[in-house]
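Protein chains in written order, with this note's numbering: chain X, 25 to 322; chain F, 18 to 576.
There may be inaccurate statements among the hints.
Stated by the list, open to error - Computed, partial: chain F to chain X, Cβ under 7 Å:
| no. | residue |
| --- | --- |
| 1 | Pro316 |
| 2 | Ala317 |
| 3 | Lys323 |
| 4 | Ala325 |
| 5 | Asp365 |
| 6 | Ser574 |
As the list claims (entries may be wrong) - Beta-carbon label-pair distances, calculated as ranges:
| no. | chain 1 | residue 1 | chain 2 | residue 2 | range |
| --- | --- | --- | --- | --- | --- |
| 7 | X | Met177 | F | Asp520 | 52 to 62 Å |
| 8 | F | Arg504 | X | Val165 | 45 to 55 Å |
| 9 | X | Gly95 | F | Asp181 | 56 to 66 Å |
| 10 | X | Ile61 | F | Glu347 | 46 to 56 Å |
| 11 | X | Ile61 | F | Glu320 | 54 to 64 Å |
| 12 | F | Gln406 | X | Gly173 | 47 to 57 Å |
Hints in this document: simulated from the structure, not taken from any laboratory.
Predicted, not measured: the structure shown is a model, and the values here were computed from it.
Note that beta-carbon positions come from the ideal geometry of N, C-alpha and C, so glycine has one too.
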Amino acid sequence: MSLAQVETVAPEETGGSLGRDAWRRLRRNPVAIVGAILVIMFVALALLAPWLAPYPPDKPVGQVTPTSIPGPSAEHWFGLDDLGRDEFSRVLWGARWSLVIGVVSLLLGLIGGMVLGLLAGAFGGWVDGLVMRLVDIMLSVPGLLFAIGIAAMLGSGLDAVMIAIAVVNVPIFARLLRGQMLAQRQSDYVLAAKAVGVRRRRIVLGHVLPNSLTPVIVQGTLTLAVAIVDAAGLAFLGLSSNDPSIPEWGRMLADTQRYLSSAPLLAVFPGLAIIIAALGFTLLGESLREALDPKYRR
Amino acid sequence: MRRDGMPLRRPAAVVAGLALAISAAACGGGDDAEPGTGGTQAAEGSAFIFASSADPAILDPAFHSDGESSRVTNQIFETLVATEEGGTGVVPGLAESWKVSEDARTYTFKLRQGVKFHDGEPFDAAAVCANFDRWYNFTGLAQADSVSYYWVTVFRGFAKNESDTLGKSLYGGCTAKDDGTVELKLTEPSAVVLSALTLSSFAIASPKALKDYKADQVSGTAESPQFTGTFGTEHPVGTGPFKFGSWTRGDKLEIVRNDEYWGEKAKLSRIIFRPIEKAADRAQALRAGSVHAFDYADPADLESLKSAGVQVLERAPFNMGYLGFSQRTEIMQNQKIRQAIAHAINRDNVVKTKYATGAKVANAFMPDSLWSYTEDFTEYDYSVDKAKQLIAESGVSDPTLEFCYPSGVSRAYMVDPAGNFQLMKADLEAAGFKVTPKTSPWSPDYLNTTQAGDCPLFLLGWNGDFGDPDNFLGTFFQSFSNQWSFRNEEIFKTLGDAEKEPDQAKREALYKQANALIADFVPGVPYAQSPSFSAAAKNVRGWVPSPVLNDKFSTISLN
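So that you can see chain X by itself, here it is in the shape it has in the complex (with noise of 0.2 Å):
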């Protein structure tokens, strides 16, 4: 380790908040940044798929037959897909729906497993053990089938698929709130509150809540993975928006089962963006574990 090194290294490890610290070791962990670049990339591809893609998704573009469906050229960099669509578009496009899918599932299964997390951690008692059977019970059933469920009860569409991916993560959400705010209750800090007769409202809001959130923010990273794979799972078992040309991963993937013999590279494309998506915001979302663990803190 040459000098220069050392001495860069030295005055924030002394010095630095958990903030800063995190935020250094991030940037030093090479897998951190890969996952940030996929992420990056795939948020800036959704959010320009209407000006990057070079065809609408939902329009043919060229004849296809269903023997005969061209495969990548310069014009189709993917080629195009069973009805004569432009698959590049439709990928890009399908990340829109995706990062759509993944948010609004992730906030409506982070704020009802907030709420029941406060409620419990906050009242502890009789709130606490009922809030937490019930968690109990939602995750003694497995997630994809409790979505499968709860999406099929609510019938099809776009809206029901993503409740029932934000039901399955409320009892997570939930249980990691309530841990950590039962550790906060007795730390010193909520003590001295108390004793000097802050309201348990404002030491609940105001302190402990915000004390607690680092593991929500870092599973959130993780689930918006796990939402976007569920999403796409839900989809190929035809639990999707009534809209088939809405361009969705795991619709595109499971409508080219047919032509997997003939027109393999239909199936790979919507694949391979599944796949990089949840890699991108798994590896983010461990990285985010590891900068904010103060076990981790040298």
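Given the coordinates of chain X, assemble chain F onto it according to the supplied hints.
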């Protein structure tokens, strides 16, 4: 009277399911005389193994309306009149000749002599009348639409109707003039009955076996009838080139050659029908050589089957896919809107993109191969401009269409409903319509909602049962139905007259007129007629797929 758009004679939709895949895979292998792969020589007398997609419902022709059952009973039983090989024309069957009276109310059949049922009973006029009387006198559950579907469809009612939905029976009595002559009387003129009698459901069974094995015992419910007699499960006795062998549900059904057959004897000594649920598994079983043949190959698989050395046989199109309109909502009552939709849809592109070679654009609500078809009617060419202009003229601003399509179904006339929907949606949007998609599983939800007329726009189709325009046009438009929700007395009357008209030339003229009226009225947009495909191992010879699914396996041989 009829179940619109319900192609009952097709096998149930192939619904993907893990459990099914597993059970189907288990069915794939065979412990019977294994046929050789592709071109290898199969020993003389070894079984011909056919991969069906499901077990037959029942082997009593009077009680079945599914293609899986009729495929088997077509080999065991015979009808008075048959369909020509590979076509839809009427040819002699158990009757050598027939005469239709001038008022189209009396049909006289001269029966073939020296024919015996498999149980040794003689086939004669008394036996034929016993069958007609049996059908006419069904009681209780046997009258349910789901049980005696084709009798209800063609003859409308029974001796004592037990439901209000049944009409006065068209059947007026059967008389055995002598041993070899049967006189069938109708209560009303009908020119349709002769071709309807080619339906496998009107096959003649041994009256003794029907009685001995309690064929008429039906219990359960209309939705899932239980046949408690053993006629349709263990003792189906007819006059056909094959006799019933054995049947283990879910495993195999075997029929064996009838060596006393009156006509040319079957070339195969036995045929085994083995149910394999998924299309992909049937194709795999054929490639692996564990079965010899199957129906309804996926158009997307044809190339790979051919390159694997499998024969692909085309079943001539006798079907029609259409975009239907329910005129219950105001927007669909607007003729300009209906015309605009007809111009907006690029039917040519839909057929090219989603159908196998051999499929054609349909311009009328019947196949162009059927007699009386001419192109003497208004056609709606693909034109976005005309569609836009018609929308402007319609006075409807911002026209929004609710458009239903089914999931979990694939038919020759509608291979990929969601694909058709997406192409049409894009076309409609290009013309300035807004489209609200709505989807549900084919059976029962989708069929129920479309039949109730709850879908302003819907995708459906029809597989013809017998070679008469009445089977298409009459089925759709002869009277008011919720599905279409319109009253056009001129169309209703023309089709009603055509059904009763005994003179063939006049009937032809009436159907031409009906097609012209229908085209002007635009009750929907017919868009596709498509062949379906059957696959057979290289060594299979002599199989001629019938457009109305009346395949005779007696001509098949293995070499």
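Results for each hint:
1. Pro316: 5 Å, holds
2. Ala317: 5 Å, holds
3. Lys323: With Cβ-Cβ at 10 Å, over 7 Å, it is violated.
4. Ala325: For F/Ala325, the interface hint is violated, since the closest Cβ of chain X sits about 11 Å away, which is over 7 Å.
5. Asp365: Interface hint status for F/Asp365: violated (10 Å vs cutoff 7 Å).
6. Ser574: With a minimum Cβ separation of about 30 Å from chain X (threshold 7 Å), the hint on F/Ser574 is violated.
7. X/Met177 - F/Asp520: 52 to 62 Å: At roughly 59 Å between Cβ atoms, F/Asp520 and X/Met177 fall inside 52 to 62 Å, so the hint holds.
8. F/Arg504 - X/Val165: 45 to 55 Å: 52 Å, holds
9. X/Gly95 - F/Asp181: 56 to 66 Å: Holds: the Cβ-Cβ distance is about 59 Å, inside 56 to 66 Å.
10. X/Ile61 - F/Glu347: 46 to 56 Å: Because 55 Å falls inside the window, the suggested range holds.
11. X/Ile61 - F/Glu320: 54 to 64 Å: 41 Å, violated
12. F/Gln406 - X/Gly173: 47 to 57 Å: 49 Å, holds
Violation of the numbered hints given earlier is confined to hints 3, 4, 5, 6 and 11; the remaining hints are satisfied by the structure.
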